[in-house]
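Peer 1: Just so we're aligned, residue 9 is where the sequence shown starts under this note's numbering, counting upward by one.
Hints listed in this document are in silico derivations from the structure and should not be mistaken for laboratory results.
Beta carbons: idealized from backbone N, C-alpha and C, even for Gly.
It cannot be assumed that every hint is accurate.
What the hints assert, rightly or not - Here are the computed distance ranges between Cβ atoms for each label pair:
1. 180 / 153: 20 to 26 Å
2. 74 / 113: 25 to 31 Å
3. 163 / 131: 19 to 25 Å
4. 164 / 73: 28 to 34 Å
As the list claims (entries may be wrong) - As a list, the in silico SDA-like pairs of lysine to any residue whose alpha-carbon atoms are at most 20 Å apart:
5. 133 / 49
6. 100 / 68
7. 115 / 104
8. 100 / 71
9. 100 / 165
10. 179 / 161
11. 179 / 165
12. 133 / 149
13. 133 / 71
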Amino acid sequence: MAQFSAKSPDKSFMLLGSQKSMDTNARYTITLDDDASISRIIAQVTGIPSHGFATGESLMKKAGSMDPVAVFVDVHLEGNANGLDMIPELRKIYPFVPIIVQTSDPKDDLIGQALAIGANDFIRKPINPIELTGRLHARIQEMSARKKIDVMTIGDIEFSPSQSSVSKNGKV
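The whole structure should be built from the sequences, with the hints applied where relevant.
Peer 2: Now the structure itself:
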């Protein structure tokens, strides 16, 4: 089973009685984890639908056609696969999408390794709902701000360094 999907039934997870909830205008998240329940948990906790993939190969077949609000990557996948190996390629595909690594592995050096290769954040399992929603919200805000800064406009000319593109009057 390479792909699975989960969706929160009410699309608005409340933070422990708080009146604030995650922004549910978001499209969906992607979860790379060989445990299908993690994708369902992320959807339930955030209120954002999640498309889960058990292998890096199954994710990469679809990644180019997907437009997620965030990507969650588990370190240890089926067999000897390492989710960290997927991060550089995912960063190329999604330059302004938060990539959050999740693992139950207690090794602290994984945090530095994940951040050094392009992850935006790191969460330990078991997943704490408050930590997950807080970190996800912060990373979405951060990446949204970076995206706005990325496009420079001078008159009718726009330049995007991350996309290596220049357009005039909306034409590349």
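Peer 1: Starting from the hint list further up, note which numbers the structure goes against and sort them upward.
Peer 2: 3, 7, 9, 12 and 13
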